[in-house]
Amino acid sequence: MRDKKILVCDDDRGILEMLELLLDDDGYVVVTEPNSINALTTIERETPDLILLDIWMPVISGDQILRTLKADQAKSLIPVLMYSASTDGRSIAESSGADGFISKPFDLENLLTEIEELLKR
Amino acid sequence: MNTFENTDRDKKAVGLLSGNELLHKVLDASITGIVITDNQLTDNPIIYCNPAFEKISGFARKEIIGHNCRFLQGKDRLQEERNIIARAIKNGESCTVEIRNYTKEGKLFWNELYISPVKDEQGNVTNFIGIQNDVTTRKQSQLDLEFYQQETEKKVEERTRMYRESQEYLRSIVETIRESLVVMDKSYTVLSANNHFLNTFKVSINETKGKLLYDLGNGQWDIPELRKMMEEILPTNNPVLDYEVEHEFPHIGKKLMLLNAHRIELEGQYKDWILLAIEDITERRAIQQRKDDFLSIASHELKTPLTTIVGYMQLMDKMMPEHASDKFRTVVKKTGKYVQRLNHLLAELLDVSRIQTGNIELHREQFDFDRMIEETIEGIRAASPNRKIELSGKIDTTYHGDESHLVQVVSNLLSNAIKYSPDGSDIKVQVSNISGFIKFSVTDQGMGISEDEQSKVFDRFYRVGEVQRHYPGMGIGLYICQQIIQNHGGTIWVESQKNIGSTFSFTLPLNP
Chain A
49 MRDKKILVCD DDRGILEMLE LLLDDDGYVV VTEPNSINAL TTIERETPDL
99 ILLDIWMPVI SGDQILRTLK ADQAKSLIPV LMYSASTDGR SIAESSGADG
149 FISKPFDLEN LLTEIEELLK R
Chain B
302 MNTFENTDRD KKAVGLLSGN ELLHKVLDAS ITGIVITDNQ LTDNPIIYCN
352 PAFEKISGFA RKEIIGHNCR FLQGKDRLQE ERNIIARAIK NGESCTVEIR
402 NYTKEGKLFW NELYISPVKD EQGNVTNFIG IQNDVTTRKQ SQLDLEFYQQ
452 ETEKKVEERT RMYRESQEYL RSIVETIRES LVVMDKSYTV LSANNHFLNT
502 FKVSINETKG KLLYDLGNGQ WDIPELRKMM EEILPTNNPV LDYEVEHEFP
552 HIGKKLMLLN AHRIELEGQY KDWILLAIED ITERRAIQQR KDDFLSIASH
602 ELKTPLTTIV GYMQLMDKMM PEHASDKFRT VVKKTGKYVQ RLNHLLAELL
652 DVSRIQTGNI ELHREQFDFD RMIEETIEGI RAASPNRKIE LSGKIDTTYH
702 GDESHLVQVV SNLLSNAIKY SPDGSDIKVQ VSNISGFIKF SVTDQGMGIS
752 EDEQSKVFDR FYRVGEVQRH YPGMGIGLYI CQQIIQNHGG TIWVESQKNI
802 GSTFSFTLPL NP
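Chains as they are written, first to last, in the working numbering: chain A, 49 to 169; chain B, 302 to 813.
Okay, chain A solo, but in the shape it has when bound:
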C-alpha cells in the first residue's frame, strides 16, 4: 500500500512541492507534473496508482485531461482525485468523471484519508 505511486499535476509549484513532501512523508512514491500539457504522456510513462489533479490550469484544464483519460479503456481505471479552490469545482469534477473531489485549501488529514480510500478500491 505504501509503495503506491501517486502523480500530482498542478501548475502551482508551491502546492506541488508541498504535496510531494506530504505524500512522501506518508510513504508514497510521488511524481509531480507542473505542465498540464505533459500530463497525459507522464501518466503513460509512469502508470501511477492514483492521480491528484488540479482543475484550473493553463492551456489544458484538469477536466479536459480527465475526459481524455476516462475515454482510454486502459487508463480509465486509475482513480483520479480532483481539487480546486473554486465553488463550481465539485460539479465540474463530478461531470467530468472524477473519482473524488476536495476543495482548496485542503485539510491534509482529509486528503490523506481520501487517497487511502480510493487506493483501497
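Keep in mind that a hint or two might mislead.
Claimed, not checked - Quick look at which bits of chain B chain A covers, simulated, 3 or more residues with Cβ under 8 Å: (1) 569 to 580; (2) 597 to 610.
To be verified - Label pairs and their computed distance ranges (CB to CB): (3) B:Glu679 - A:Gln112: 37 to 43 Å; (4) B:Arg586 - A:Gln112: 29 to 35 Å; (5) B:Lys638 - A:Gly62: 18 to 24 Å; (6) A:Ala119 - B:Glu547: 40 to 46 Å; (7) B:Asp618 - A:Ala119: 38 to 44 Å; (8) A:Asp155 - B:Trp794: 43 to 49 Å; (9) A:Glu157 - B:Ile801: 31 to 37 Å.
What the hints contain is simulated information worked out from the structure, not anything from laboratory work. For each residue, glycine too, the CB sits at the ideal point set by N, CA and C.
Keeping the supplied structure of chain A fixed, place chain B upon it in accordance with the hints.
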C-alpha cells in the same frame, strides 16, 4: 394807447370802444380766466383781469393789476413752457401751453394758457390777451394715466426681464448638468434637448427638435424598454427613476443608461410635457466591473500561495518532533491560527467577488431544513462549548434550496450572535412555518445596533463603528447572507435595541 384804464367794472372804460360795454360785460361774465397786459409798459403789467381769473388764481383784482403774469408761477420757474411764452411775446405771436401755476395759497393748478398779441396799425404789439383755463382735473387724470401707463410698461418690462432671466437661469442649469436632458410633449415630440444630449449622442439640434423621440437618428431611440417605460410605466408611476436601459447605438456603440422620466402634472401650458434625463453609466459600470474583477483576481491569486502555506502548517503539525518544546508548539499553533483567519477572510472576499460577478450558483435540492438547523447549531456549540444556544420551533417540511449556502447564512448569524454578546449570555434560535414562509430568527443579549446603523449592517464592507475596534473584520458576512437569502427569494432584516440585544431574522418562500 391803453385800451383798459384801471377802472372798475364801471362804464367809464376809457380805452374800450364806446358801445363795447356789452363786450366788457361778456368778458366779466366769462368762466374762462382772462387777463390783458400792456406790452408797451415796463415788465408787461396786467391791466385787466376778469372775476374768473381771480377765482382761478385766488388773488384779488387789486393784487393782480399792475403785476407781471409770472407771479402765477410761484417758485416753479424752470418750466420749458415759460420759454415758449417768452418767445411768443418777444416775437409777437400767439401760443398755447399747459403750465403749472400756483394760487395765492400756493396750490398747484394746471393752466391751459392761450396768449395772443394785439397789434396797432403799424403792427406793433400793444397788448397781450391771456385766456386761462384751470385744467388741473383733466391734466391730473392725464398725468395719472401717463403715470400708470409708464408704470405698467415698467412692470411689463420688469416681468419680461425676469422671465428672460429665469429662462436664462433655467437654460444655464439645463446646460450645466452633466446629464442629457430631453423635453417632449405628450406625444413624444422633442421640444428641446440640451447640449450634453447632443454631444453624447452625436446629433445636432436640427435633427432632434420637432422629431418624434422614437424617430431620432433613424429610429435608433426606438428601444423596446424605452417604449415600455414611456408608454406603460410613466403614465401610472410618475416619475420613473433609475430605469436602466442598455442599447447598442449605430455610431457610438453600446451604452448603459439610467433614465429618469418626469411627466408634468401641473395644470397649464406645460401639462403632460415629459422631461427625460439620461445618465450615461457605461463608463461607471465598466469601472465597477474592473473593480470587481480586480477583487476577484486578487483574492484568487492570494488564495493560491495561502493554500500552500495552510498545507505546510498542517505538515509542521504532523511532523512535530516528540521532543519539541512547548514554546515551539505554541508558536506553530499560533501561526496556524492566524493563517486560518487569513484563509477565512480570503474565502469571504472570494464569496463577495463571486456574488458581484453573478457567479454565485444556486444548487437547489430538496433538504430537511430542521435537520440543517440542528446540525449547524451542533457545529457552533462544538466550537463555543460555554455558550447556551436554545432552539425552539420546527418547520416540519423539506425545503428546496441550496443547503450549503443556507448553512453559511445560519452559521454566520449564529457566530455573530456569539461574537457580539457577552460570555455566558443565552442565544435563542426560533424557526417557524408561517403561511408559506420559513422564518428563522437568532436573538442575542449583546450590545445591540443603533437605529441608523441597522439599515447599513447589510451593506458591503460596512462595519459598525465601535465594533471595528474590538472585532476586526471586513464587514462582508452579513452582505453575503443577504445576497444568499435574496437569491432564494427571501428577505433578511434586523431588529435591535442598544444594550439589550439584536434579533436577526430571515424568511424564505416555500413556493418561490
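A quick look at each hint next to the structure:
no., hint, verdict
1, 569 to 580, "violated (count 0)"
2, 597 to 610, "holds (count 7)"
3, B:Glu679 - A:Gln112: 37 to 43 Å, "holds (40 Å)"
4, B:Arg586 - A:Gln112: 29 to 35 Å, "holds (33 Å)"
5, B:Lys638 - A:Gly62: 18 to 24 Å, "holds (21 Å)"
6, A:Ala119 - B:Glu547: 40 to 46 Å, "holds (42 Å)"
7, B:Asp618 - A:Ala119: 38 to 44 Å, "holds (40 Å)"
8, A:Asp155 - B:Trp794: 43 to 49 Å, "violated (35 Å)"
9, A:Glu157 - B:Ile801: 31 to 37 Å, "violated (43 Å)"
Consistency note: the structure conflicts with the earlier hints numbered 1, 8 and 9.
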